[in-house]
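Q: Here is how the chains run, residue by residue.
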Amino acid sequence: QSVLTQPPSVSAAPGQMVTIACSGATFNIGHNPVSWYQQLPETPPKLLIYDNDRRPSGIPDRFSGSKSGTSVTLAITGLQTGDEADYYCGCWDNSLSVVVFGGGTKLTVL
Amino acid sequence: EVLLVESGGGLVQPGGSLTLSCAASGFTFSDYWMAWVRQAPGKGLEWLANIRQDGDQKYYLASVKGRFTISRDNAQNSLHLQMSSLRAEDTAVYYCVRKGLPDNWGHGILVSVSP
Numbered sequence: 222q223s224v225l226t227q228p229p230s231v232s233a234a235p236g237q238m239v240t241i242a243c244s245g246a247t248f249n250i251g252h253n254p255v256s257w258y259q260q261l262p263e264t265p266p267k268l269l270i271y272d273n274d275r276r277p278s279g280i281p282d283r284f285s286g287s288k289s290g291t292s293v294t295l296a297i298t299g300l301q302t303g304d305e306a307d308y309y310c311g312c313w314d315n316s317l318s319v320v321v322f323g324g325g326t327k328l329t330v331l
Numbered sequence: 089e090v091l092l093v094e095s096g097g098g099l100v101q102p103g104g105s106l107t108l109s110c111a112a113s114g115f116t117f118s119d120y121w122m123a124w125v126r127q128a129p130g131k132g133l134e135w136l137a138n139i140r141q142d143g144d145q146k147y148y149l150a151s152v153k154g155r156f157t158i159s160r161d162n163a164q165n166s167l168h169l170q171m172s173s174l175r176a177e178d179t180a181v182y183y184c185v186r187k188g189l190p191d192n193w194g195h196g197i198l199v200s201v202s203p
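So the sequence lines, in the order shown, correspond to chains R and V.
Count along the first sequence from 1, add 221, and you get the number used in this note's numbering.
Count along the second sequence from 1, add 88, and you get the number used in this note's numbering.
Treat the hints with care, as some may be off.
[Unchecked claim] Lysine to aspartate or glutamate pairs mimicking EDC-like chemistry, simulated, CA-CA at most 20 Å apart:
hint	chain 1	residue 1	chain 2	residue 2
1	R	K267	R	E305
2	V	K146	V	E134
3	R	K267	V	E134
4	R	K288	R	D314
5	R	K327	R	D304
6	R	K288	R	D274
7	V	K187	R	D314
8	V	K131	V	E177
9	V	K131	R	E305
10	R	K267	V	E89
11	V	K187	V	D144
12	R	K327	V	E134
13	R	K267	R	D307
14	V	K187	V	E134
15	R	K288	V	D191
16	R	K327	R	E305
17	V	K146	R	D314
18	V	K153	V	E134
19	R	K267	V	D191
20	V	K153	V	E177
21	R	K267	R	D304
22	R	K327	R	E263
23	V	K187	V	E89
24	V	K187	R	D274
25	V	K187	V	D119
26	V	K187	R	D272
27	V	K146	V	D119
28	V	K131	R	D307
29	V	K153	R	D314
30	V	K131	R	E263
These are calculated hints, taken from the structure and not from any lab test.
Given the sequences, and given the hints that come with them, work out the whole structure.
A: Quick look at the structure:
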C-alpha cells in the first residue's frame, strides 16, 4: 500500500478535462513540494510537474498542478489519445526520510 | 541534454549479488543529488536510495537498507548500486535518476532474481 493515495484509474473523452488527485499527510505533501510523472507504455517516467504547479520546459500548458493542504491535483485539459498513460505523484516524506510515490493512476481516453 | 544510461542488470539467483552502474552526461554530475528508483513488473514506482553531491549523505528505503549500497564517482560521472542478498521480490526495472525527487530518468535496466 502506497504512502500517497491515488485513484487506480480515471477516464474521459478526447477534448475533455480530467483530474487526478493525490492525497498524503502533513509530513509529506503537507510540508514538501510534489512532482507528477507521466509514464507512457514501455517507457521510463517523465517529469510533468514539479514544485506542485511548475511545468518543465516542453510540457504543454494542458497539464497543470495544484496543492491544497495535504493533497495535490493534476489536471489535464484538451485530452488526447496520446495522453493515455500511468500518472504518479511523488514527494519527500519527512517521517520516513525517503521519497514516496502514489500507487499510480491509469488514464484512459475513451 | 541530460543522459542517464544504466548497465549491469541481468539474471541472478536468489541470495546473489549484482552491481548496477549509471553513466551520466549532459549536466554537471557533481552538482546534483542522485538516486535509484525501481519498478516491479506491472507495479508502481518504488524509490530506493539517494546520495548527496559529495557522497557523504545517503538515505535508503527500509526494505533495502543493509542489502543495497549507493555510491558515486564524481570524477567518472557515474552512480552505482551494489545489491546483495537478492530476493525474488527485487525483480524489477531499475532506474537511475537525477535528484532525490527525480527530474530526469534513465531508460532503466532489468534485474531478474530467479533460480
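Q: Run the structure past the numbered hints and jot down the numbers of the failing ones, going up.
A: As far as the earlier hints go, not one is violated by this structure.
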